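There are 2 protein chains.
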Amino acid sequence: MTTNVESAHHDVAGPRRYRNTDKMIEFCEPVWLNASDRRLINLHADAPSNNTYVVRETGQEVLSLCSFAYLGLNTHPKVIEGAVDALQETKTMGLGVGNARVRHSLLGRMEEEFSDLFGAHVMAGVTCSALSAGILPLLAAGHVAEGGRRVMVFDRFCHFSMAYMKPVCAEESPVFTCNHNDLNYLEDMCRKYPRVAYIADGAYSMGGDAALEGLLELQNRYGLFLYFDDSHSLSIVGERGEGMTRSQLPQMSPLTIIVASLNKGFGTGGGIAMLGQRRIIDFFQHHAGPVAWSQNMEIPVVGASLASIKIHRSSELGELQRKLQRNIDYFDRILPTRFAGNGLPIRIIDVAGPFEAVNTAAALFERGFYNSAVFFPIVARGEGGIRVMLRAELTEEQIAGFVDAIQEILASL
Amino acid sequence: MTTNVESAHHDVAGPRRYRNTDKMIEFCEPVWLNASDRRLINLHADAPSNNTYVVRETGQEVLSLCSFAYLGLNTHPKVIEGAVDALQETKTMGLGVGNARVRHSLLGRMEEEFSDLFGAHVMAGVTCSALSAGILPLLAAGHVAEGGRRVMVFDRFCHFSMAYMKPVCAEESPVFTCNHNDLNYLEDMCRKYPRVAYIADGAYSMGGDAALEGLLELQNRYGLFLYFDDSHSLSIVGERGEGMTRSQLPQMSPLTIIVASLNKGFGTGGGIAMLGQRRIIDFFQHHAGPVAWSQNMEIPVVGASLASIKIHRSSELGELQRKLQRNIDYFDRILPTRFAGNGLPIRIIDVAGPFEAVNTAAALFERGFYNSAVFFPIVARGEGGIRVMLRAELTEEQIAGFVDAIQEILASL
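Which chain is which? The protein sequence lines are A and B, in order. Sequential numbering of the first sequence, starting at 1, is according to the working numbering. Sequential numbering of the second sequence, starting at 1, is according to the working numbering.
By construction, these hints were calculated from the structure, which means they are not laboratory data. Note that the structure is a prediction, hence the values are computed from the model and not measured. One should not assume that every hint holds.
Unchecked claim - Calculated lysine-lysine pairs in the DSBU-like style (CA-CA distance at most 30 Å, straight line):
| # | chain 1 | residue 1 | chain 2 | residue 2 |
| --- | --- | --- | --- | --- |
| 1 | B | 91 | B | 78 |
| 2 | A | 323 | B | 91 |
| 3 | B | 310 | B | 91 |
| 4 | B | 192 | A | 91 |
| 5 | A | 91 | B | 310 |
| 6 | A | 192 | B | 23 |
| 7 | A | 91 | B | 323 |
| 8 | A | 310 | A | 323 |
| 9 | A | 23 | B | 192 |
| 10 | A | 310 | B | 91 |
| 11 | A | 310 | B | 323 |
| 12 | B | 323 | B | 91 |
| 13 | A | 78 | B | 310 |
| 14 | B | 310 | B | 23 |
| 15 | A | 23 | A | 323 |
| 16 | A | 310 | A | 91 |
| 17 | B | 78 | A | 78 |
| 18 | B | 23 | A | 91 |
| 19 | B | 323 | B | 310 |
| 20 | A | 91 | A | 78 |
| 21 | A | 78 | B | 23 |
| 22 | A | 23 | A | 310 |
Sequences are here, hints too, so could you generate the full structure?
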């Protein structure tokens with residue numbers, strides 16, 4: 001027999017087809033709290049450089065191995081100067097008007113320079129996740145590409161910022177989740193439905209990358225729409241830092257959209273969408289939810305981005321990319337892991353489970369290394385790992401020191 | 001008989017309970033395109049001050065009457081200096097690590113100063129809409145306040161950034177939309193369901209405000225959770241600029257959350273949530289979607305915000321608020337409209353329909369005034385209006401000039 005309260009609780013439970021908050025919290029909040037109790041998360045820090053965090057709470061200094069400032073552009077003197085110059089030149093933080101109506105000239109110039117740099121029609125947004133939140137439901141509703149509504153297939157490992165929008169997309173068309181890089185499943189869907197869109201990362205935030213060649217074949221054969229978040233390879237891959245996906249496409253097709261955050265390798269903030277058609281930008285400004293609301297990159301972030309674009313056009317970008325690549329190669333040589341050799345900066349060191357991941361991160365912290373323990377829902381339930389994010393600014397000595405430390409710790413567990 | 005293509009189209013249409021993109025685009029895209037053809041939207045501009053836009057495309061100079069820089073703090077020399085100082089002091093755009101793990105000390109200091117300023121536990125977010133997108137589904141799922149899942153009732157006029165999340169909330173619990181400020185409906189819902197949350201604006205972006213007194217009675221009587229977006233009154237209402245809603249609450253209850261954008265009256269960027277409990281902040285950092293992902297206010301925006309907080313603590317805030325209030329009173333005296341006398345800066349001048357709104361905005365533009373024509377879905381289908389946003393920096397002469405112009409135009413239509 002259920003009590004009244006229980007039955008009332010049952011009455012108001014939604015269908016939870018695309019999310020199950022109760023389960024997520026039940027499984028991972030204990031691990032978060034354990035990490036918090038051991039002062040591994042919810043920290044405040046100063047950062048004399050990208051390599052060093054000085055924890056405000058304890059004064060401890062640690063070497064950062066969990067920052068996505070892959071090229072160190074977030075602290076590049078010219079990027080900082082670009083932000084300062086834009087503030088001093090415009091004397092404003094922003095126009096204070098909706099994007100669809102009036103945009104600051106400097107923002108317009110930045111979009112033009114991005115378009116030229118990456119060979120695509122580029123639209124800026126306040127964040128990469130705001131761009132996805134705005135565009136994906138319109139894609140499902142059939143207003144981004146020809147032919148009407150599209151069945152949406154999300155890769156199981158695609159970033160949360162896209163998976164989060166499944167219920168909104170499902171208002172417009174059927175939503176499915178496929179296994180990681182499952183081209184057979186995708187081909188079946190393309191045969192079954194007249195129009196399909198696939199939502200994925202270019203370079204995945206947990207390592208690995210999209211099966212681009214096979215995906216392009218499906219696009220050619222069936223008109224499959226490809227939507228990629230390539231935040232983790234922007235700036236670090238491609239002659240002009242256009243990222244892993246864009247660098248492999250001869251040109252942008254109207255059936256492809258790439259979004260990327262500018263707060264990772266690129267070093268500033270906000271996000272961009274690379275599009276195959278110019279006219280869709282105005283359309284997004286009118287109808288794409290968070291893209292249309294009165295929010296966009298603030299002037300200092302625009303100024304910093306213009307400076308970073310300039311670095312992307314110079315030989316310095318290649319130098320930084322090669323430095324990063326040498327560090328990735330060195331790491332892969334001395335500690336081969338699952339994604340070794342893929343040229344991307346994210347590596348996962350598997351440990352037995354979530355609490356073991358926290359234990360390992362705590363032991364690393366004691367030895368002066370700051371890493372993130374990863375657990376559900378970032379990895380599968382019951383699993384755990386240490387995420388390593390390599391950067392151009394690390395020295396071989398620092399990497400070797402970290403590898404020694406973690407091997408010792410893992411051997412002693 | 002339907003053709004194959006039609007039936008395939010039918011097959012893939014979602015339920016569209018909470019959004020209908022086709023209808024929205026069908027009704028309002030023609031008006032947007034008309035406004036675009038007449039060069040009233042999708043403009044780029046420089047702004048020598050908040051009063052003047054110089055349109056890049058045409059060189060035309062217009063007086064802005066559609067900016068939410070209500071107090072002009074976005075161009076305040078001390079705010080700009082605050083952004084520059086933070087950049088020069090920290091030498092970085094941001095830490096490049098997830099919020100839940102490490103936050104920059106300066107961001108931590110800003111949150112502490114906000115908490116002290118507004119008498120609430122304050123959490124920062126990359127935008128106000130990201131805060132709502134993260135918090136609302138957890139509220140529906142019953143993880144924000146005691147007692148479990150809550151039925152969600154959205155005010156019909158609440159901002160798009162909250163209404164956009166209805167399908168995500170509906171995964172967790174039933175979602176309803178009520179008429180604007182309909183306290184009777186809300187009381188019925190409180191009687192029918194054990195736990196209800198009401199989602200509304202404090203000051204509405206189309207003018208008007210929440211029925212706070214009645215809502216607080218329902219909270220006392222039934223434990224109704226109140227979630228407000230008070231972006232359009234932050235800084236401009238309250239002794240410390242705490243906004244219309246916070247200024248009327250003796251203290252923050254664990255059953256109330258107020259979010260607000262910092263890019264309007266406050267003059268910087270990003271957003272804040274005012275909370276009644278400290279412990280929920282860490283919880284949001286772990287589980288609240290866009291709040292938990294690796295995005296937050298960039299360092300120059302944090303620096304600008306610290307400077308704006310300082311102004312909020314000085315007598316200058318009151319002076320700017322009074323200037324704005326004098327302009328609002330003056331406007332209401334010479335052109336009384338629906339919300340005259342409510343002390344808020346947004347006014348709507350009704351016109352016959354959407355295309356008439358564009359015509360009126362075009363005629364105003366010719367006379368040197370930049371206003372926004374508003375139409376569906378901002379107002380009801382078939383309706384149209386001119387939105388006026390008053391600011392402290394406007395002079396009485398400028399306001400009188402605008403009122404003369406629009407009266408002449410409306411008389412001639």
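Original post:
Straight-line Cα separation of residue 91 of chain B and residue 78 of chain B no greater than 30 Å?
Top reply: 19 Å, holds
Original post:
For the pair supplied as a hint, residue 23 of chain A and residue 192 of chain B, is the alpha-carbon distance within the 30 Å limit?
Top reply: 27 Å, holds
**OP:** Given the hint that residue 192 of chain A pairs with residue 23 of chain B, test it: the Cα-Cα distance must not exceed 30 Å.
**Re:** 27 Å, holds
Original post:
Given the hint that residue 310 of chain B pairs with residue 23 of chain B, does the C-alpha gap stay at or below 30 Å?
Top reply: 46 Å, violated
Subject >> Holds or violated: residue 23 of chain A to residue 310 of chain A, with C-alpha atoms at most 30 Å apart >> reply: 46 Å, violated
Original post:
Regarding the pair residue 91 of chain A and residue 310 of chain B, is the alpha-carbon distance no greater than 30 Å?
Top reply: 19 Å, holds
Original post:
Within 30 Å, alpha carbon to alpha carbon, are residue 310 of chain A and residue 323 of chain A?
Top reply: 19 Å, holds
Subject >> Holds or violated: residue 310 of chain B to residue 91 of chain B, with C-alpha atoms at most 30 Å apart >> reply: 22 Å, holds
Subject >> residue 91 of chain A paired with residue 78 of chain A [C-alpha distance capped at 30 Å] >> reply: This hinted pair holds, its Cα atoms lying about 19 Å apart.
Subject >> Holds or violated: residue 78 of chain B to residue 78 of chain A, with C-alpha atoms at most 30 Å apart >> reply: Within the cut-off at roughly 23 Å; holds.
Subject >> Straight-line alpha-carbon gap residue 192 of chain B to residue 91 of chain A, limit 30 Å >> reply: This hinted pair is violated, its Cα atoms lying about 54 Å apart.
Original post:
Between residue 23 of chain B and residue 91 of chain A, does the CA-CA distance stay at or below 30 Å?
Top reply: 41 Å, violated
Of the numbered hints given earlier, the model fails hints 4, 11, 12, 14, 15, 18, 21 and 22; all others are met.
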